[in-house]
Amino acid sequence: MTWTCDQIEARLSDYLEGMLQAPERAAFKAHVETCDECAPLLASVTSVVGELRSMEELEAPAGLVYAILDKTLGPREKVTAWQAIQNFVLGMATPKFAYGAASVMATFVILLSASGISLRKPKLAELSPATMMRNVNRQAHRAYASGERYVSQLRVVYEIQTRLRQENELQVAPEENKPRSTPDKQPDRNDDHTRTQPKQQNRANDLARQVEMLAAECPVVLERSYR
Amino acid sequence: MEQDAQLVQRCLQGDGSAWEELVRRHSRRIYNVCYRFVGNRPEAEDISQEVFLRVYRTLGSYRSAHGGFATWMTSVTRNLLIDHYRRTKRDRLTDSLEDKMPVVENKESSARRPDQQALLGELSGQVQSALTRLSPELREAVILRDLQQLEYAEIQQVLEVPEGTVKSRINRGRIELARILQQMGVRPS
Chain S
14 MTWTCDQIEA RLSDYLEGML QAPERAAFKA HVETCDECAP LLASVTSVVG
64 ELRSMEELEA PAGLVYAILD KTLGPREKVT AWQAIQNFVL GMATPKFAYG
114 AASVMATFVI LLSASGISLR KPKLAELSPA TMMRNVNRQA HRAYASGERY
164 VSQLRVVYEI QTRLRQENEL QVAPEENKPR STPDKQPDRN DDHTRTQPKQ
214 QNRANDLARQ VEMLAAECPV VLERSYR
Chain W
-9 MEQDAQLVQR CLQGDGSAWE ELVRRHSRRI YNVCYRFVGN RPEAEDISQE
41 VFLRVYRTLG SYRSAHGGFA TWMTSVTRNL LIDHYRRTKR DRLTDSLEDK
91 MPVVENKESS ARRPDQQALL GELSGQVQSA LTRLSPELRE AVILRDLQQL
141 EYAEIQQVLE VPEGTVKSRI NRGRIELARI LQQMGVRPS
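These protein sequence lines are chains S and W, in that order.
By this note's numbering, the letter at position 19 of the first sequence is numbered 32, and the numbering carries on one by one without gaps.
By this note's numbering, the letter at position 45 of the second sequence is numbered 35, and the numbering carries on one by one without gaps.
So that you can see chain S by itself, here it is in the shape it has in the complex (with noise of 0.2 Å):
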C-alpha cells in the first residue's frame, strides 16, 4: 500500500497519537522516509504539538474570583474591626476548635506534670532548666519502676489463676470419669476420690492464703482480676 502527500497530511495527527493500524502505520512511515515534503511536515508538526503540551498553565489574575464572585453574589460588605473580632470570637467556639485547644491543654498539663512543676504552688525555681531535667528523669525513673511493679504484681495473679484453673480442672475430670454405676466394686477396697480429698484440700488453702496475701499487697489488682 502507498500512500500520497494528502493522505499523509490528513492522518498526521492519527499517525501522532498512535491512532494507526498497524499496516496504515508501515505505509505512512514508508512515504514519509523516502518524501522531502512530508518528512519536515511530519518533524514541525511533532514540535509544535510537543510545545503546546508542555506549555505551562498560568495563573489567574488575582482579583478574578472576587471581581467574580461580586458580580454574581454581589459585593461583599465591608467588615469593620469589631465586626472581625467578633467574627473571630465566634469562629472559635466551634467543636473542632474546642477539641483542638483540649489536646492543646492536656499536652500542656501533662509535660508540666512530667517536668514536676507544680500547679498548685509553682515556684520559680521549678522553670530553670536543670531542675526541669532533674524532675524530668526523676518522674521518669518512677514511672518505669511503677509500671515495673505492675508488671510482677500481674504476673503473679496470671500464675495463681492458673493454678486454681488446673485445680478446677483436676477436681472436675474424676467425676466425669466416674461410672455411674459400681457393680463390680469390691467392699475392701479405697476410692480414688475419697483418697484424694484431703491433698485437693490442702491446695486449695495453700492458694486462698496465696490470694489473701496478695489482696493486702496489691488490692487493686486482685480486685480487677476477680471481679
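By construction, these hints were calculated from the structure, which means they are not laboratory data.
A hint or two may mislead.
The list that follows gives simulated cross-link-like pairs (lysine to any residue, SDA-like), each with its CA atoms no further than 25 Å apart [as the list claims (entries may be wrong)]: (1) Lys84(S) <-> Ile72(W); (2) Lys109(S) <-> Asp5(W); (3) Lys84(S) <-> Arg53(W); (4) Lys84(S) <-> Gly29(W); (5) Lys84(S) <-> Asn69(W); (6) Lys136(S) <-> Ala119(S); (7) Lys42(S) <-> Asp19(S); (8) Lys84(S) <-> Leu124(W); (9) Lys42(S) <-> Ile165(W); (10) Lys136(S) <-> Ala153(S); (11) Lys134(S) <-> Thr120(S); (12) Lys134(S) <-> His154(S); (13) Lys136(S) <-> Asn150(S); (14) Lys79(W) <-> Arg169(W); (15) Lys109(S) <-> Leu(-3)(W); (16) Lys84(S) <-> Ala(-5)(W); (17) Lys84(S) <-> Ile165(W); (18) Lys79(W) <-> Asp5(W); (19) Lys42(S) <-> Gly31(S).
Since we're looking at a predicted model, the values are computed, not measured.
Position chain W against the provided structure of chain S, taking the given hints into account.
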C-alpha cells in the same frame, strides 16, 4: 466531577459558599482557555468574568446526566469566545490593514512595544502568537486538545460537531500552526 455536581446542587439551593468553591475550582482553567484563544490578558479576564456570570444565571439548566460540569462550562466559554470573536472582527480587520502597511512602519510599531517583543522572544510566546492567527474553528480545537488535553468525546460535546470533524480540525489546526511558525521564521527544536 461528582463533587462539581454536588456543588451545583448546593448552589441551586442558595448556598453562596458552594458557588465560591466552584469559582475557585474552575477560574484558572477558564481563564487559560480564554487567554489562549484571545491572546490578551485583560480581554481574557473580562471574558472569564462573563463566562462565570453566564454560568451563574443558567446553572439551573445544567444536567449532570448530559456530561461533566467542566465540559458544560467549557462549552459556555467556547460560545462566549466565538461571540467575542465575531464582535471584534471589525477591529481585527482594521488591525490587519495596519499590518499590511510598509515594512518600515511595522518596525516602528514593533519598536514601540518592547514588552510584547520580549514575550515573543520565547518559543511559547511565538506559539501563542501563531495560535491567535489560526481560524477560530481550528484554534478552539487545538486549544481543547493540546492545551487543555481533553478527550475527543469531550471536545465533540463542547463543539457540538461529529468526531470526524473534531479530528480533522485538530489535524488541520496543528499543520496550519506549524506553517505559521515557519512563516514567522521560528525553527522548532
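Report the numbers of all earlier hints that the structure fails to satisfy, in ascending order. Violated hints (numbers, rising): 8, 17, 18; every other hint is consistent with the structure.
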